[in-house]
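Chain by chain, the residues run as shown.
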Amino acid sequence: MRYKIQTTKPQQFIDITAKVAEEVKKSNVQDGLAVIFVPHTTAGVTINENADPNVVRDMISALEKTFPVDGEYFHFEGNAHAHIKASLMGSSSTVIIQEGKLLLGTWQGIYFCEFDGPRNREFYVKILRG
Amino acid sequence: MRYKIQTTKPQQFIDITAKVAEEVKKSNVQDGLAVIFVPHTTAGVTINENADPNVVRDMISALEKTFPVDGEYFHFEGNAHAHIKASLMGSSSTVIIQEGKLLLGTWQGIYFCEFDGPRNREFYVKILRG
Amino acid sequence: MRYKIQTTKPQQFIDITAKVAEEVKKSNVQDGLAVIFVPHTTAGVTINENADPNVVRDMISALEKTFPVDGEYFHFEGNAHAHIKASLMGSSSTVIIQEGKLLLGTWQGIYFCEFDGPRNREFYVKILRG
Chain A
1 MRYKIQTTKP
11 QQFIDITAKV
21 AEEVKKSNVQ
31 DGLAVIFVPH
41 TTAGVTINEN
51 ADPNVVRDMI
61 SALEKTFPVD
71 GEYFHFEGNA
81 HAHIKASLMG
91 SSSTVIIQEG
101 KLLLGTWQGI
111 YFCEFDGPRN
121 REFYVKILRG
Chain B
1 MRYKIQTTKP
11 QQFIDITAKV
21 AEEVKKSNVQ
31 DGLAVIFVPH
41 TTAGVTINEN
51 ADPNVVRDMI
61 SALEKTFPVD
71 GEYFHFEGNA
81 HAHIKASLMG
91 SSSTVIIQEG
101 KLLLGTWQGI
111 YFCEFDGPRN
121 REFYVKILRG
Chain C
1 MRYKIQTTKP
11 QQFIDITAKV
21 AEEVKKSNVQ
31 DGLAVIFVPH
41 TTAGVTINEN
51 ADPNVVRDMI
61 SALEKTFPVD
71 GEYFHFEGNA
81 HAHIKASLMG
91 SSSTVIIQEG
101 KLLLGTWQGI
111 YFCEFDGPRN
121 REFYVKILRG
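Chains as they are written, first to last, in the numbering used here: chain A, 1 to 130; chain B, 1 to 130; chain C, 1 to 130.
Do not take every clue at face value.
Straight line, CA to CA, 25 angstroms or less: simulated DSS-like cross-link-like pairs of lysine-lysine [as the list claims (entries may be wrong)]:
1) C:101 - C:26
2) C:4 - C:19
3) A:4 - C:101
4) A:4 - A:26
5) C:19 - C:101
6) B:9 - B:19
7) A:4 - A:19
8) C:65 - C:9
9) B:4 - B:25
10) B:101 - B:4
11) C:101 - C:4
12) A:4 - A:101
13) A:65 - B:65
14) A:65 - C:65
15) B:4 - B:19
16) B:26 - A:101
17) C:26 - B:101
18) A:9 - A:101
19) C:9 - C:19
20) B:19 - B:101
21) A:101 - B:4
22) C:26 - C:4
23) C:25 - C:4
24) B:101 - C:4
25) A:4 - A:25
26) C:101 - A:26
27) C:19 - B:65
Please keep in mind that the hints were generated in silico from the structure rather than gathered at the bench.
Could you put the whole structure together from the sequences, leaning on the hints where they help?
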């Protein structure tokens with residue numbers, strides 16, 4: 001339920017779908033919800049395209065253009081941009097489980113969103129039956 | 001639980017509250033959660049005002065101004081802007097069910113957010129008792 | 001489950017973590033989910049840093065720079081910017097409950113996000129066992 005993840009770049013989206021799917025399988029839950037939660041304030045989680053890697057590259061770059069690393073901020077740690085981006089992506093994603101599987105669209109992947117890396121990070125997966 | 005929806009414009013918010021409410025009623029669940037999930041990567045779901053249609057018009061236009069269709073992107077399909085907007089709105093919305101009804105505010109509607117239409121689309125509604 | 005909150009500024013993030021934690025405690029649920037829902041269309045909820053108050057100050061200011069109060073909008077009430085910001089933060093947050101406690105990161109707080117205050121507001125907390 002608690003997964004460790006090592007990011008390798010300052011801003012990076014890492015596909016964690018396989019780990020969430022594994023957790024669903026282990027739970028043996030046939031119908032319910034999977035909640036992915038990121039316990040950090042400069043990283044988030046989102047669902048987006050898993051085919052062309054340029055999609056997440058464009059997402060990072062468009063967010064950076066709008067909320068730049070070197071913008072004018074008060075927060076003393078110099079990573080205010082990352083806090084904003086984390087809230088825009090969100091700290092959790094919810095996916096429906098049907099017949100024992102994540103009910104994702106064909107092109108959907110679940111991404112851990114690093115905005116202030118590289119770092120050792122974590123995310124949680126909670127499976128609810130129902 | 002699986003609903004088809006036909007969008008008619010490139011960017012469009014469609015009120016799907018009635019369909020979600022119908023699903024809650026059919027389920028006969030008195031207390032729990034309704035999760036609305038969009039299985040696409042260039043469409044999302046959000047909750048916002050259902051009274052003045054200019055609100056969603058302004059939302060589309062403000063997102064477009066910040067993340068324009070014709071911005072500079074790497075993704076070859078030319079719809080990178082739609083991927084970004086989809087993640088900003090999110091792929092799921094969660095609403096509390098109380099006394100057999102969606103516990104929404106007076107002015108709240110649930111919107112399917114098309115960012116790369118017109119297309120045949122789908123959304124899922126999952127009802128959890130508890 | 002229904003909490004009243006009085007905001008005191010036009011745009012303001014208020015830490016509501018203690019109230020959500022209290023609700024979890026009262027419920028006596030050891031494992032499950034806490035869903036926080038905001039029934040307004042010009043306010044939202046997000047999870048972000050609870051240590052340096054400049055973080056939420058920077059978030060409000062960065063959102064305001066991108067989606068300004070006095071931008072060009074059609075919505076007649078003059079608060080279109082607040083509707084956009086509310087959807088960007090989202091109307092709900094979901095937190096995992098483990099061993100009777102909110103499974104939040106060390107620096108995470110749950111924030112009620114006012115974008116069109118000051119006003120009398122509400123938020124709901126729903127606890128699900130599972």
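*Would you check the hint for residue 19 (chain C) and residue 101 (chain C), treating anything up to 25 angstroms between C-alpha atoms as holding?*
Judged against 25 angstroms, a Cα distance of about 13 angstroms means the pair holds.
*Taken at face value, is the distance from the CA of residue 65 (chain B) to the CA of residue 65 (chain A) at most 25 angstroms?*
13 angstroms, holds
_Holds or violated: residue 101 (chain A) to residue 4 (chain B), with C-alpha atoms at most 25 angstroms apart_ = 21 angstroms, holds
*Starting from residue 25 (chain C), check that the Cα of residue 4 (chain C) is at most 25 angstroms away, please.*
Holds, at roughly 19 angstroms.
*asked:* What's the verdict on residue 4 (chain B) and residue 19 (chain B), does the C-alpha distance respect the 25 angstroms limit or exceed it?
replied: Holds, because 11 angstroms separates the two Cα atoms, which is no more than 25 angstroms.
*Take the C-alpha atoms of residue 65 (chain A) and residue 65 (chain C), compute the straight-line distance between them, and say whether it is at most 25 angstroms.*
At roughly 13 angstroms apart (the allowed maximum being 25 angstroms), residue 65 (chain C) and residue 65 (chain A) satisfy the hint.
*Compare the distance between the alpha carbons of residue 26 (chain C) and residue 101 (chain B) with 25 angstroms, and conclude whether the hinted pair is satisfied.*
At roughly 24 angstroms apart (the allowed maximum being 25 angstroms), residue 101 (chain B) and residue 26 (chain C) satisfy the hint.
*Given the hint that residue 9 (chain A) pairs with residue 101 (chain A), test it: the Cα-Cα distance must not exceed 25 angstroms.*
31 angstroms, violated
*Quick one, are residue 4 (chain A) and residue 19 (chain A) close enough, alpha carbons at most 25 angstroms?*
11 angstroms, holds
*Could you grab the alpha-carbon distance between residue 4 (chain A) and residue 101 (chain A) and see if it respects the 25 angstroms cut-off?*
22 angstroms, holds
*Would you mind confirming whether the straight-line C-alpha gap from residue 101 (chain C) to residue 26 (chain C) stays at or under 25 angstroms?*
11 angstroms, holds
*Restraint check for residue 4 (chain A) with residue 101 (chain C), where alpha carbons must lie at most 25 angstroms apart*: Roughly 21 angstroms between the alpha carbons, so the hint for residue 4 (chain A) and residue 101 (chain C) holds.
Hint compliance for this structure: hints 18 and 27 are broken, all remaining hints hold.
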